[in-house]
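Chemist: Let the sequences and hints guide you as you build the complete structure.
If you read the protein sequences in the order shown, they are chains A and B.
Yeah, the first sequence ends on 380 if you go by my numbering, and it's all consecutive.
Yeah, the second sequence ends on 478 if you go by my numbering, and it's all consecutive.
No lab work stands behind these hints: they were computed from the structure.
These figures come from a predicted structure and were not determined experimentally.
Where is the CB? At the ideal position from N, CA and C, for every residue including glycine.
Hints should not be assumed to be uniformly reliable.
Now the stretches of chain A that chain B is said to cover, found in silico as 3 or more residues with beta-carbon under 8 angstroms [what the hints assert, rightly or not]: (1) -11 to -3; (2) 1 to 7; (3) 41 to 48; (4) 54 to 68.
Stretch-level coverage of chain A by chain B, calculated; a stretch enters the list once three of its residues show a Cβ under 8 angstroms from a Cβ in chain B [unchecked claim]: (5) 103 to 110; (6) 132 to 145; (7) 305 to 312.
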Amino acid sequence: MVTVSERWEQALYVAIFFGIAVALGVGGLVRSDRASSSLEQRTLAQRPTVAWVDLVTGEFGRNVETYLSDQFLGRDTWVRSYAQLSLRGLGKVDMNGVVIGKGGILLGDMSSHQPLTDAEIGAELEATMAQFDRLKAAVTSYGGTLLVVGHPTKNSFLRADYPAGFAFPDDLARIAPLYFAALKQHGVASVDVAAVFEKHRDEKLYYDTDHHWTFTGAHLAYSSMLEGLGIKPLALDELVLTTLPNKFVGSFNRKIAMTFPQTEKITIASPRVPIPYTRVQDGKVSHDLFKAHPAKASVAYGIYDQGDRGEIVIDTNRPKLPSLLFVGDSFGNAIETLAWTGFDESRYLDLRHYTAMSLLDYVAKYKPDDVVILVRDERYLYRNGNGLFTGSAPSVDSEE
Amino acid sequence: MPFNSVTFLFAFLPLAAGIYFAVPGRRGRNGVLLAASAVFYAYGGLNSLLVLAISIAVNYACGMAIDSLRSGGRSAGAKTALVAGVVANVALLASFKYLGFLASSANAVGGLHLPIPSLIMPIGVSFFTFEGLSYLVDVYRDRAPVQRNPLDVALYMGLFATILAGPIVRYGDFHAQIRDRGESLENVAMGARRFIVGLAKKAIIAGALGTMSNAIFATPTANLSVAGAWLGALAFTGQIYFDFSGYSDMAIGVGRMFGFTLPENFNYPYISQSVTEFWRRWHMSLGTWFREYVYIPLGGNRVTKLVNLRNILIVWALTGLWHGATWSFVLWGLYYGVMMAIEKFVIGAAADRVWRPLRHVLTMLAVVVGWVIFKSETMGGAFAYLGAMAGFGGRALIDPRALYYLGQYRFELAVGLVASLPVVPYVRVLWERTERSAAATGVARFGMLAISGALFAVSIAYIVSTTFSPFLYFKF
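Modeler: Here's what the structure looks like:
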């Protein structure tokens, strides 16, 4: 026989279960849809359209699930709670591809990396150098200079900070010396930023909460690059440095729902002696070297050179200076905001986004005096995106 | 539409329950359930719904034919109708699940070049086909009445609570519930509680252990330490239990909300002291099905030892094949068949003289080895992994990665260990034996309610935040 209190208990169970389910379900549906999530820094799925083929294959059901999940009532709070519970509550050290390293430094999880054998490295290196041979031939055909600037990633440079059980892959670590030796053998000039960084190891070269380098790291890389081209870089005292008061959103911290306190700030720089310039970004005039950053807005590394762009052309109208073609990913964005000061016309390509022509065709068309390829050490053997010189098949990397 | 999806939890289930209880009368409510089941299954694609509809139609027609021929005294005709129905069900299952396997095996063995068909297998086809077979056999044996309304056959085979991954309900045990079942506040409450337990098992424990086991099994075996390999195997042992028993809890809970009593699928299998006992506690509805519809019809154990051995091996080869169309699964099934045959014909009663903890350890060893075979994609992969567990190849005993997994998943491993033991029933018995005040009872009830609410909230956070992970048994 069910007592009154048991009946109350049962009613409470039903009320809690269905109350939560209905409240969250209805709440998510009646609220207007969000286009994107600032916490997750991604666009959110919108109400799916009904198509017969999707109904037949089940794609519609999957789209509905993605939509309802993305537009779930209080999604940011649920995501943040999950991250807090996992990282703080259960003491986990990795989540969504981010590893909490020694001293709370956030690093990339490389444990899913498929290691290459020595034979595979040799074959990949050969194919990579074949591309450089073609690029070098194209650049030198009109008297230009080719320079490869290789730099360590945060994962690589701070590999000692990985917690026990994680490591930077051995095979990637083995590639760097082989890569530079091969470039030398093929007559391609290069700069290994890792060697420069080693001399400045006690400085903060990478953000704790982002996978990119700090302004200090970027300036060191920029200086090495210009010295490699025989051009004097702007020293720190020739620049006006501004540390933005805005909240900085680190890419790694973002992946773990901003679980770590975000105290870091971003620094931007401009030449102390102003240099007039025009700037064209993906075919449109856009003067600003930095993404707009109103006082209350949070900023990310993408502020540099307004984020990843297919093509940026900066012209200082100083014909006596050489011209530059710079190819690189997001690490190059911070360098670009400094490098233009040393050239007449400088062109910046991100081949993950630039599709109009291949790099070889671009070189043949514009004949820049200096061609710089910026490449991170994890991508030395990567022949896609910014590592593909002969085709126009962009590949947007998972990392900015 | 998986039970752990946002669509099911926050749209489908509240809506289906709301309409169901708003509609009066059995016929109306069965209609709501059937419509809801059609929407639920069509979520995975209308093409799958079409296959289910064909299966239902065939079983309905064959059931009617069996009943009609038998009532007309034409038992041979009824048997022919039964055989036709069985062949149709097996053909349906084979065409979606086994055709590619048969063709590739024929190509490999016979040097043929048969094209390998790649039909998309409707989710749950193994489950609803077995229920269709159960319907025909039970009607033929006159253990349950034929359903004259095809919608009632559809409700039995297509009920959304069981269609994706069981429990496999025998028609003889279910048919009465089509017309007579008890919906009540108590059943809805108990169903909700059971559902939350299952959801938490899946979201919190199985998800984490799955991440761990997938990562370890993806590691080249040459790079695994002995401890790392064991951790991977144990993680999968936990994952598959909490994944499938969690699913079963949710299915039983959902069924109970709508007044159905579905069969239990698990009874703490990891406390077993023999492989035979393990399979009496693991996926019980499948074991019961094979015993009822294959093993006993083959003669069961009321035959000579040799025929009994044959029967055991046939049942377990089929059990393996039911789980997947690869030779690894056949090997896995036969592995258990051989184990059981050894226990039955070689060890026999001598097992009772072995120290109970040792029996338990040996049983779990056999089970964990079985899961490695089950998890590995190829037989070669399984043997390589088992070699790593055994320490072959001069590998390290332990490595930093293994220690990391142990530390990182200590919570889930500990909770998994406790939850795989009958701790809750034990505490419940103790509690019921204890004299207590009304206040203590009230506090305990509130505590259980609070725990359920917290588990539900945490599970929601996991579901919303993590990439959707399907149930392992959906692929069978």
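Chemist: Please list, smallest to largest, the hint numbers that this structure does not respect.
Modeler: Going through the list in order, the structure violates hints 5 and 7 and respects the others.
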